[in-house]
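Asks: Top to bottom, those sequences are chains A and B. The first sequence: position 91 = 90 (numbering that gives the first Met the number 0), numbered continuously. The second sequence: position 182 = 181 (numbering that gives the first Met the number 0), numbered continuously.
Simulated from the structure, these hints should not be mistaken for laboratory data. If a hint is listed, it holds; no wrong ones were tucked in.
DSS-like, lysine-lysine: derived pairs with alpha carbons at most 30 Å apart:
hint : chain 1 : residue 1 : chain 2 : residue 2
1    : A       : K177      : B       : K166
2    : B       : K217      : B       : K140
3    : B       : K149      : A       : K179
4    : B       : K124      : B       : K161
5    : B       : K92       : A       : K179
6    : A       : K177      : B       : K98
7    : B       : K92       : A       : K177
8    : B       : K36       : B       : K98
9    : B       : K140      : B       : K161
10   : B       : K208      : B       : K161
11   : A       : K179      : B       : K166
Label pairs and their calculated CB-CB ranges:
hint : chain 1 : residue 1 : chain 2 : residue 2 : range
12   : B       : K166      : A       : R105      : 31 to 41 Å
13   : B       : D202      : A       : P115      : 50 to 60 Å
14   : A       : I79       : B       : I204      : 46 to 56 Å
15   : A       : A182      : B       : K166      : 22 to 32 Å
16   : B       : H86       : A       : C21       : 40 to 50 Å
17   : A       : N112      : B       : E211      : 52 to 62 Å
18   : B       : W40       : A       : C21       : 48 to 58 Å
19   : B       : A267      : A       : R270      : 55 to 65 Å
20   : B       : E211      : A       : I79       : 53 to 63 Å
21   : B       : E211      : A       : L110      : 55 to 65 Å
22   : B       : Q45       : A       : S98       : 20 to 30 Å
23   : A       : A71       : B       : Y41       : 47 to 57 Å
24   : B       : H163      : A       : L160      : 27 to 37 Å
Model, not experiment: these values are computed from the prediction. All C-beta atoms, glycine included, are put in the ideal place defined by N, C-alpha and C.
Residues per chain, in single letters:
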Amino acid sequence: MNPHLRWRKFVSNFMLTMTGLCAVVAVSVLFFILGYLVYYGGTSINWNFFTKLPAPVGETGGGMANAIVGSAKLLALATIFGVPFGFLGAIYLAEFSGSKVAFVVRYAADLLNGAPSIVIGIFAFSIAVHPFKQFSTLAGGFALGIMMIPITLRSTEEFLLAVPRTLREGAMALGASKWKTIATVIVPAAYRGILTAILLAFARVAGETAPLLFTALGNRYWSRGWTEPTASLPVMIYNYGLSPYEDWHRQAWAAGLVLLALILVINIVARAILSRGISVPR
Amino acid sequence: MNAFVRQAVSVNITPPVTTAASRENSAPADMRMTISKVNFWYGAKQTLFDISLGIATSKVTALIGPSGCGKSTLLRTLDRMHETVRHSRLEGKILLDGKNILDQDVTQLRRRVGMVFQRPNPFPKSIFENVAYGLRINGSKVPMGEAVEKSLRHAALWDEVKDHLHKSAYELSGGQQQRLCIARALAVEPEVLLLDEPCSALDPISTAKIEELLVQLKDLCTIVTVTHNMQQAARISDFTAFLLNGQVIEFSPTPQLFTKPTDPRTEAYITGRFG
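Construct all of the structure, not just a fragment, from the sequences and the given hints.
Replies: Below, the structure is given as structure tokens:
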């Protein structure tokens, strides 16, 4: 073997090894985090964690029932605030708007999507907290809802545009108005993708902390109704993680584990929805 | 006349019509649609020039010509599907039963003039719901089951699908899907059925079935079909219009167009010298 060929083989093998290693690192980060969470938080996940209120300072035990319910309420509100705007806006973009309007709206949505969540938080604070002199679940849901709008809008639009033109024409040729075509053919053809988009937006905001620090604040007790401050899992992790107590650290890990598990489950469900059943041939 | 044209014409069962063979004046008086002086533009590009044609009631009219000659565009103006394309412009008159379709409500028009597309485009719904779709969106009160069965029988598909009407339409073969699309169009009982190269994506056996079907459907409605396949035009149509570069070169009863073309360009095309 001449030296040149040997060198080429070496470079080839070296690059193969490097790229493979990087791929392994990329994947292993997730498993590393998961392992860490299970190792530190696994022992704190018990029945009490899901059913009890946080224990008073100085006592061990207690749980995060209020934070779990609080997160659920916040995410429900965020979906109610965010999804209709994202969904209907996407329909307008994909079906009605001219290319100039669509470009502007898309660009704005991408910018909003890239806006740091802390900025969203301070905005929601000045709109939904400051005027009422009251931190509340509503304000938290509002902040998370704003974050869901651009994600839902952009991905719903993609899925609507992917519906073949021939289906639109088929419906219109039968005398369906534009709106009927959208409601009875295009959205049903794209609904799997749209549902997935909403789930992913949901998963994305489920772990957001910064906007909630400004809006829902946190609460060591049950939050009644929608106008009181409420605990939530991400803020709980933030507060417990910074505390000086060993027991709280473990509970923060446990909360992280629960949150990550929730997001994983949502992702898996979303993928299952997307891959199952009738897909429209292109 | 070359061998293939002779063969093509011999399959046609319609006796030659003996009207005078002047260019735009050869169709009989009973016209379902009349196209008069239609010009059409996509943006700045004109694709149809001064087209005038009569579409005879309960007959099959075929539009033939090489790719890009405007035959599909002309067909799409007949139910105003051209309006779905931005920056398109049409001048002229298209009459359906004596009334200009360009002045009518477009959704009403499309209920009377159905369309079947080049590639089968069933909706992502069940076979039953595909056929029922047109009736449902029109708020029809007819018994849905009977109407669906009737349309599927007309489209010669009933026997193949009657036991699994609630399966997805995508489980059907391409030819079956295209017949389903015909059934879907027939369900709203259109007066005119437009077909845009309905067999171009199909195998020969499916094509034969659809051709046979079209000839039978003449009794139900007036048919206008675009085809790039000259044998097909010769086999199924009563009248044929030959288009070239957006103009009607010749419009005659089919046997006449294929046996005694009056324009040298028509002759060149049907004998396979271009296109």
